[in-house]
Structures are given as C-alpha cells and as structure tokens.
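**Student:** Line by line, the protein sequences give chains A and B. First residue of the first sequence? That's 1 in full-length UniProt numbering, and the numbers climb one at a time after it. First residue of the second sequence? That's 1 in full-length UniProt numbering, and the numbers climb one at a time after it.
I should point out that these hints are in silico values taken from the structure, not numbers from a laboratory. The structure presented is a predicted model; accordingly, all values stated were derived computationally and were not measured. Quick reminder that beta carbons are idealized off the backbone N, C-alpha and C, glycines included. Hints may be right or wrong, so weigh each one.
Stated by the list, open to error - Here are the computed lysine to aspartate or glutamate pairs in the DMTMM-like style, where the Cα-Cα straight-line distance is at most 25 Å:
1. A/Lys22 to A/Asp97
2. A/Lys83 to B/Glu86
3. A/Lys50 to A/Asp97
4. B/Lys20 to A/Glu39
Said to hold, decoys possible - Here are the computed distance ranges between Cβ atoms for each label pair:
5. A/Lys76 to B/Lys50: 45 to 55 Å
6. A/Glu61 to B/Arg41: 33 to 43 Å
7. A/Gly63 to B/Asp93: 20 to 30 Å
8. A/Val18 to B/Asp97: 14 to 24 Å
9. B/Val77 to A/Thr69: 49 to 59 Å
10. B/Glu58 to A/Arg67: 16 to 26 Å
Number of protein chains: 2
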Amino acid sequence: MDEIPDNCKVATTLDMIVGKWKIAIMLHLLHNGTMRFNELRKVMPSVTQKVLTSHLRELEEEGIIKRVTYPQVPPKVEYSMTKYGESLQMILDLMHDWGVSHLAQKQRQQSRQLFENDNG
Amino acid sequence: MDEIPDNCKVATTLDMIVGKWKIAIMLHLLHNGTMRFNELRKVMPSVTQKVLTSHLRELEEEGIIKRVTYPQVPPKVEYSMTKYGESLQMILDLMHDWGVSHLAQKQRQQSRQLFENDNG
DNA sequence: CGGAATCCTCTATGATACTG
DNA sequence: CAGTATCATAGAGGATTCCG
Numbered sequence: 001m002d003e004i005p006d007n008c009k010v011a012t013t014l015d016m017i018v019g020k021w022k023i024a025i026m027l028h029l030l031h032n033g034t035m036r037f038n039e040l041r042k043v044m045p046s047v048t049q050k051v052l053t054s055h056l057r058e059l060e061e062e063g064i065i066k067r068v069t070y071p072q073v074p075p076k077v078e079y080s081m082t083k084y085g086e087s088l089q090m091i092l093d094l095m096h097d098w099g100v101s102h103l104a105q106k107q108r109q110q111s112r113q114l115f116e117n118d119n120g
Numbered sequence: 001m002d003e004i005p006d007n008c009k010v011a012t013t014l015d016m017i018v019g020k021w022k023i024a025i026m027l028h029l030l031h032n033g034t035m036r037f038n039e040l041r042k043v044m045p046s047v048t049q050k051v052l053t054s055h056l057r058e059l060e061e062e063g064i065i066k067r068v069t070y071p072q073v074p075p076k077v078e079y080s081m082t083k084y085g086e087s088l089q090m091i092l093d094l095m096h097d098w099g100v101s102h103l104a105q106k107q108r109q110q111s112r113q114l115f116e117n118d119n120g
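Please work from the sequences and hints to get the whole structure.
**Tutor:** Okay, here's the thing in structure tokens:
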C-alpha cells in the first residue's frame, strides 16, 4: 500500500493477519498451545489442506508461529505460536471488542430505521 | 469466517478495514478532517474512481465515515470520519506500532542470517 | 500423516469511457 | 465534480489427485 501519510505501517500488520483463515489459526493455537496439522484441520473442517498449509507457511515465515517436525513415520508436525506471535493477541483482543460493539451499534441503527419507517 | 472459538468477532473488525485503500482513506480523513472526493483522489493518485467510490460507500455503510452532498452544480461532496469511526484510531495506532517493531525484528533476523552464513 | 501438484473459480481491483 | 457503466485481469482460495 502506498500514498499513506507519515510512513504508516498499519498495512504491515494487516498483511500478517489477512488471509481467510489466519485469525482462526492463531486463535486456535493461542487457545490450545500446540496443535498438529490434522488437529487444526479437525477444528477447521472447511479449510482445504492446500490453504491451511500455505497460511501456516506464511505465518511461520513472519515468525508468528513455530513449526516443529518429528522425523518419524508417519510424520508428526506440531504448530504453536511464538512468543513474538503472542504479542499480536493484544491487537486481536482489541479488534474483537471493537467488533462486538460494532455489531451492537448496527443493531441499534437498524432498530432506529425500522422505527422511523413505522412512525415517520 | 466460521469455525472460530468463543464467538470471536475479530473478523467483524477486520472486514471493515480490509480493502486495498481503506486504511489510507481513513488515515487521510483522520489527518485532514474533511475532504472532497477529488482531494482524496489527489492524495491517492493510484486509486481508480470506481474503487475509491466503492470503498467510500462501504465505509459509509458501516457508519465509519460521513458523506455530505451539497446540491449544487458542479456537485460538491465532503467526506469525514464519524465519531464512531474515530474509535478505530486506537486499533490503527496499535497496528502501526506493531508493524514498526515487526519490521525491526525482521531486519534483525536477516542480519543474523547473513552473519551465520558468513561465519557459520 | 502431512503434505505437494494441478487445475479451476470467483471476487477484488483496475482500465477506460461516458454523464448529470 | 463526482460519480456510473462495461469490460478485463490477477491472485486468493477451493477441489481433486497423488506421494514419501
């Protein structure tokens, strides 16, 4: 993203967490600690293997999650948040809170419009 | 987004601010107060009219920005953040700060890798 | 089990031209 | 000035198959 004032780095953070399932992945890892590939698939049945893999790779690339492979057959791979990745939780929490109040606000807006249509 | 624990509403907020130019639009409005359509175009020359319009409509739809049209020829339309939209600034600031430190962290990672390649 | 490879679809964005 | 209308395109995501 260009043409943003003051050398803004909002987009840097945004790019880390944008991706259809990245938030879900991070929240599951934050909640469960360590998870194997198929455990992630089980809690997110709608994600395809390909997308899950690519999201995990990208999060790993940014240092947000850690990937540990155990050289055995069948393979075993464990994912977890890094300390660094955990520092994102503050932002996620804030976004969650704002989202909740936003939904409440929209509710109020819609009620008001209904009222005005009925009584205006 | 589904399959997220605890009825999470992170995605609600994310959906508001995802869009190639939405962050830029919000930051310009936060910085300048009120701006006309073509003023926004001038500070963001890479955005096409169509995309700028659709982003503005979506932000307005969510109550984040306010659109005021003056019924005159030639038309005059002014955009500004709503009080409500301004409550997002906290999140944007936090994301900016995280982005800055993330870039610093990546720098360090890359330096370390160079060092290890030279001296390992 | 945890992928990689291939092919496909759909949506966000862009280019361009026109208008009240 | 502030849009709308059309058409085009890249890339994110999805479906399916195969593999060590």
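**Student:** Would you mind marking each hint as holding or not holding in the structure?
**Tutor:** How the hints compare with the structure:
A C-alpha spacing of about 18 Å is found between lysine 22 of chain A and aspartate 97 of chain A, which places the hinted pair at or below 25 Å, so the restraint holds. Pair hint lysine 83 of chain A plus glutamate 86 of chain B does not hold up; C-alpha atoms about 31 Å apart against a cutoff of 25 Å. For the proposed pair lysine 50 of chain A and aspartate 97 of chain A, the alpha carbon gap of about 31 Å is over 25 Å, so the pair is violated. About 33 Å separates the Cα atoms of lysine 20 of chain B and glutamate 39 of chain A, which puts this hinted pair outside 25 Å; it is violated.
Between lysine 76 of chain A and lysine 50 of chain B the Cβ separation comes to about 49 Å, which falls inside the hinted range of 45 to 55 Å. At about 35 Å, the CB distance of glutamate 61 of chain A to arginine 41 of chain B agrees with the hint of 33 to 43 Å. Take glycine 63 of chain A and aspartate 93 of chain B: their Cβ atoms lie about 22 Å apart, and the range 20 to 30 Å holds. The hinted range of 14 to 24 Å is satisfied by valine 18 of chain A and aspartate 97 of chain B, whose Cβ atoms lie roughly 18 Å apart.
Judged by the Cβ atoms, the range 49 to 59 Å given for valine 77 of chain B and threonine 69 of chain A holds: they are separated by roughly 56 Å. About 36 Å separates the C-beta atoms of glutamate 58 of chain B and arginine 67 of chain A, a value inconsistent with the hinted range of 16 to 26 Å.
Checked against the numbered hints above, the structure violates hints 2, 3, 4 and 10; every other hint is satisfied.
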